[in-house]
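Colleague: Please work from the sequences and hints to get the whole structure.
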Amino acid sequence: MQLLKKNLSTILFAIGLLLFVTYQYSFLATPYFWDELGVYIPAAQHMNDAGTISLMPSSLDPLYSRGHPLLYTFLNASAFHFFGDRVVVAHTLALLFAVFVLLSFYYILSNVCSKRIALLSCLIVAVQPLFVAMSIVSLPEMCLSLFLLWAIWALIKEHWLLFAIMSTLAILTKESAIVIVGVAFSFVVIKQHLMDKRYKRQQIRWALLFASTPLFFYALFLGIQRIQNGWFFFPEHIGYLHFNIVGFFDTNWLMCKQFFFNKSNFIIGSAAFVSLAYNLIYFKKANTFSFVVIAFIIISMFFSNVNFYMQRYLLIILPWVVALGMVAIDNALKVFLKAATWRAPILWIVVVVSCGLAISHWDSNTFNDTCDTSYRKTVSLVQQTADWLQGQAWNQQRIEANFPIYQALQEPRNGYVKKPFDIAVNFQEKCKYGIFFKTKGIWDPFTEHSYLKTMQLFKNDFAEVRVVQFY
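Heads up, the sequence shown is in our numbering, so the first residue is -7 and it goes up one at a time.
By construction, these hints were calculated from the structure, which means they are not laboratory data.
These numbers were taken from a predicted model, which means no experiment stands behind them.
What you were told as hints is all true, and nothing was included just to trick you.
Ranges of calculated distance between the beta carbons of each label pair, as one might list FRET restraints:
no. : residue 1 : residue 2 : range
1   : Arg197    : Tyr15     : 47 to 53 Å
2   : Tyr15     : Lys422    : 44 to 50 Å
3   : Phe395    : Leu246    : 22 to 28 Å
4   : Gly239    : Lys326    : 39 to 45 Å
5   : Phe241    : Trp340    : 36 to 42 Å
6   : Leu47     : Asn323    : 40 to 46 Å
7   : Phe275    : Arg78     : 49 to 55 Å
8   : Asn299    : Lys432    : 20 to 26 Å
Just so it is clear, CB atoms sit at the ideal spot from N, CA and C, and this is done for glycine as well.
Modeller: In structure tokens form, the structure reads like this:
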């Protein structure tokens, strides 16, 4: 009985993790969607097909690499090489990253907070719409989150060699991991040297040397890219860098609404926001955990202001927002509730309500990228179109199509069709038939091109696929 009581949190976490995997298992064969369909999976397929599975920039056509570091593509291509380039393989790898994120998060919070905080935080993270959706799509943010979790833990514990390794793996996954360098520099100079006066000059030098390790490897990657591709950064992406005051406030408010005041995590997010504000005002009282976590959240949000922003890019801060909120609520209960026997039940009530709110917002029934499970409705729409097309007598003719239809029809490995179709894009060739996806905020081809009749229309509440015959 004592053994059971001692390990109760770990047992409940294991049960929760098993339920999470069981739920996601039924969606592993879901065909690819949007950016995984258009960029990341084709990149891994081409790398595997060419037999150039490598981290070198020259191993992949820049059209697919877009100048990004290639660790995530390398891992996907390696999985394809050993287990076959099927949808299930890519999504199983994605699910493994999500499982490792939860396992790592549980261990880290057990180590720096308590097993109870670790369990409750993991339960809330696991049911957040963004996390549920991103757990089985082949995008780099979950892999990035895994490496950054360990980099932050290494920073809190001052394990500088581990920090150097994990932060380097993170930046070789995606360059936005450069934020962890800013967090490390802030921790060393502001927290350890100026505030706590724990680090002397020699310690600062060594700490900053390890903290700079990911910069060295990223600079090395860029140098090799300059030699092999003729540029440091993908030319098309240079235009995404921007900064203006109005946009700064708008983007930050959007991020706050998504991660602190969203209906799916309003209770925990609000508590995290109050904790963040309190620690900024009384920064001298901030402990190491709060300082590092808050610095990571703020610097990550600031970086998003100078780059093209999508909600999934900040998946990396989601676990830490939840952890910050749970710690804040737990501390508040210790201060305002003297009867210790009531604290655990109240925490569980908060978690159950928070999980219920999150689950009720899994499907927003809108086109919301991969921020919730509504993306599956777009996949279903495209799948219905592909199934219908495969039974048409004219499907051997060249067909005009837009994204994501042409990606779905051209490559059977993407999970929609059994054989490739002959597809034309951008109206560069005259075709008798056309298939077009349209949703709010996306270019409508029929504003510029007329057609004879609609042959078939597939639609849901927020999108449609129209099959037409041209004049």
